[in-house]
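Q: The listed protein sequences correspond, in order, to chains R, F and E. Quick note on numbering: the first sequence equals residues 0 to 322 in numbering that gives the first Met the number 0. Quick note on numbering: the second sequence equals residues 0 to 272 in numbering that gives the first Met the number 0. Quick note on numbering: the third sequence equals residues 0 to 294 in numbering that gives the first Met the number 0.
None of these hints come from the bench; they were simulated from the model. All of these numbers come straight from a predicted model, not from anything done at the bench. Careful, some of the hints might be misleading.
Unchecked claim - Okay, the calculated beta carbon distance ranges per label pair:
id, chain 1, residue 1, chain 2, residue 2, range
1, F, Gly226, R, Val195, 50 to 58 Å
2, E, Asp215, R, Ala160, 15 to 23 Å
3, E, Gly241, R, Arg319, 28 to 36 Å
4, F, Ala115, R, Pro78, 22 to 30 Å
5, E, Asp80, R, Arg138, 54 to 62 Å
6, F, Ser27, R, Leu142, 37 to 45 Å
7, R, Leu142, E, Arg260, 46 to 54 Å
8, E, Val287, R, Arg126, 50 to 58 Å
Unchecked claim - Covered stretches of chain F (in silico footprint by chain R; criterion: 3 or more residues with CB under 8 Å from a CB of chain R, positions within the stretch not fixed):
id, region
9, 89 to 99
10, 191 to 201
Think of the CB as a built atom: it goes at the ideal place given N, C-alpha and C, for glycine as much as any other residue.
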Amino acid sequence: MTRWIGLVAAAIAALLIGVAVGPADLTLGAVGDALLGRGNDATVAIVRDLRLPRALLAFVVGGSLAVTGAALQALVRNPLADPYLLGLSGGAGLGAVAAIVFKVGGMWAVPLAALGGALLAIALVYRLALVSGAVLDARVLLLSGVVVGAFAASLMGAIMAISPAPEVRNALLWLLGGFDAASWSALGVFSVYAAVPLVVIYRQNRPLDLLSLGEEPAAFLGADVERLKRVLYVAASLLTAAAVSVSGIIGFVGLVVPHAIRLLWGHLHRSLLPAAFLLGGVLLVVADAIARTAFAPLSLPVGVVTALIGVPVFVLLVRRWAK
Amino acid sequence: MGEVIFEARNATYRYPSGPDTPAVAAVSLSIESGELVAIVGPNGSGKTTLLRLMLGTVEPTGGEVLAFGRRATEWKRRDLAQRIGVVSQREEAAFPLRVRQAVLFGRYPHLGPLEAPGANDVAAVDRALERCDVAHLSDRWIATLSGGEWQRVRVARALAQEPQALALDEATASLDIRHEMELFELTAQLVKENKLAGVLVTHHVNLAARFADRLVVMYRGAARAIGSPADVLTGDVLEEVFQWPVAMTEWDGVPQFVALRRLGGEEGEGDND
Amino acid sequence: MLLRNLTIPAVMATVLLACESREQQGEGSLVDDTGHHVSLARPPTRIVSLAPGHTELLFAIGAGDRVVGRTRWCDYPPAVDAIPSVGDGLNPNVESILARNPDLVVFYASPSNEPAIARLEQLGIATVSMLTDDLADFIRAADLLGTLTSEKDRSDSLIGWLQHEVSTFEATRSTETLPTVLMVAWDNPPIVIGSTSFLSQIVELAGARNAFADVDRPSLTVSIETIVERDADLVLIASDSGIPAWAERPEWRVVPAVRDRRFVVVTGTEFSRPSFRAPDAIRRVRTVLQEWQQR
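The shape of chain R in the complex, shown without the other chains (with noise of 0.2 Å):
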């Protein structure tokens, strides 16, 4: 119970980081004030229209990565998958590229496309793996994802390799990641998007404690193997592409934040799940804000915070293990 409470709080105060801290060079008392309205319109603004939704949006969507990251080690029984395994990264990089080149109209054409390219990748990386039959097979769902992934991935190098260097730059800036896209309305429209497989795969929680014996054993207890496959791989896409569409490609929050979560509190998902949602979301609430604050006023792209971040715990969590 003490470490629900100590998960809450670190998640309470990650949030405060993210409000408080920031280039704009504020007073914690400004903050406080801007917060419940009062302030010169700037700082005001500032805190209630940009920091706050910021610090939200990055919350839910490390949390859905982490969530996502630890549905997929369960799915494909590999401590090393991580969302972007399955191939949508590449498609979602290569929809956001396409569109960034041949410059595609609209303020949403960007996140728009990214989720269409990925949603393009996860049908057909679906239709791959079902090639051997009717059965999801997790090897091959693994390869399809890496052959579609690599598929994708050369097509935006050939976009790009005839696209002009400005734009080139933009679409590679675009992939690594960042929250400078955040308000309250692409905050509700991820969160009311996400509460969906967020909860779909929750429900799944005991199938997928029993998917860790082999797909036999789950199925003798219980399990309807087949449809748990499906469910967790489409509900754990759909939450990844709408991830990617909002904030680009962010690494190491999917393939770390289970394993320490796990480390500290089990495997059972059923505890497992949450904690890791709130863990992810305090991970990348924190390297947002050090991503925009590191080197004011240049703003880091936040996949690099987290990589910064996150490989030294893997490092640390590798060596756990190894004892």
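Following the hints, complete the assembly by docking chains F and E onto the known chain R.
A: The following block gives chains F and E in isolation, referenced to the frame of chain R:
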């Protein structure tokens, strides 16, 4: 003895891309609650496939297989898991578990997705741990258990499901004599005490004969003989099915066979050509 | 405050001194922007130009008739359409260049061109690499190319004229408070134009202050709240497609100038690279600034 739990009526299974001879050929068999039935036969005789047909994980290509009165494949896995406990030969858990938690998995078929285990679930787990003589191991990590202990834990898990049937698929294949005997004893007792329908797939014909109420001897997909050990275990049947000369003897009123040495060795009674 | 007053003198200094360093090197020893010595036995008659700025420059100094190859991005003057394209200017296709049988290839100075340069030099074809990022670069390039193509009189005269125009602009800047101008190159992540960018130089000479004048780089990735904090008076859009789509997005509308739609739009390639059209560009910016101030 009791109600019919498993029933196969002319059940046949052919692999979609396999050889012409079916894996299971027109087997008819019924298993009632309170009886332990052992399915024996050489490799490739179809014993495991027959079990899978009864457990609903494989759909028969001919005939039908019923479990609890319905087609085995029509059952939802969750509902079937509330009725049948299965212990297979080998199982590796992907992550570390304590024994108590592993046995608690047996309660999952009875729990809703967001429901926490209740008092009766804990009680079922405790009873199962006690009955299978692994209660003293409840806090141990399963990775630290011996083969025999892990097997008994899995029987406890199956028991925690509070099933009406128990199926063991070559569950003793990797165990030493002591653990094998313990497992057979336990299974036989559980079947009698709880009036379960017990199905055993095993290589160990002699042991099966001593513990099972009936034997099903499989040969090339067909049920060569079905009946009590005394009726079924004859030299002719065994030599035909196992393609090896045997001598028959007896222990405890139950026929037992001894495989003869062909080369430079003894000649026993009843060695046919 | 001090920074604002320093940027124009800095620009002026580099622009006016751009030619002097070359003169100090002496004739016959031409060094390009990568430190490479350019040697030509005689003036070139078949030039391949690998940057839009260089192509425009060559035409401006009267060497356009000798240009036999250009990049697909070269767009000014209209006469370039008749010249065959050799593809991209960065990391170019050496075969396409060779197909034009050049005796001089003009590169944009970038490390990604080194393989192509090495290849051409091996084949005995002269290369010269120049930057075209700001006015000082441009003047240096004009001087060097004028010398190489034996159009020194023309290039000297144009350079003199340009320097004079720039001085005039600087002298006639308004002494009142200058409006601050925000220039955004990209929206996600937000990339703003810094002081060393050509566009920033134009804007400063036209009589405004770059909201990010303290950034000593052509561009910088920042977060939107930094942009809000700068509170620019207006947003300058240098684009053919008008006010960009991101201006409608909710997070950008937190920027006061975007929310209040204080945009000024200028179009044309004279804004995307330094050229002899720069005074026109500056004049146009000055005009829109005055229009805006009178609203």
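Q: Could you run down the list of hints and mark each one as holding or not?
A: Results for each hint:
| no. | hint | result |
| --- | --- | --- |
| 1 | F/Gly226 x R/Val195: 50 to 58 Å | holds (57 Å) |
| 2 | E/Asp215 x R/Ala160: 15 to 23 Å | violated (31 Å) |
| 3 | E/Gly241 x R/Arg319: 28 to 36 Å | violated (57 Å) |
| 4 | F/Ala115 x R/Pro78: 22 to 30 Å | holds (27 Å) |
| 5 | E/Asp80 x R/Arg138: 54 to 62 Å | holds (55 Å) |
| 6 | F/Ser27 x R/Leu142: 37 to 45 Å | holds (43 Å) |
| 7 | R/Leu142 x E/Arg260: 46 to 54 Å | holds (52 Å) |
| 8 | E/Val287 x R/Arg126: 50 to 58 Å | holds (54 Å) |
| 9 | 89 to 99 | holds (count 7) |
| 10 | 191 to 201 | violated (count 0) |
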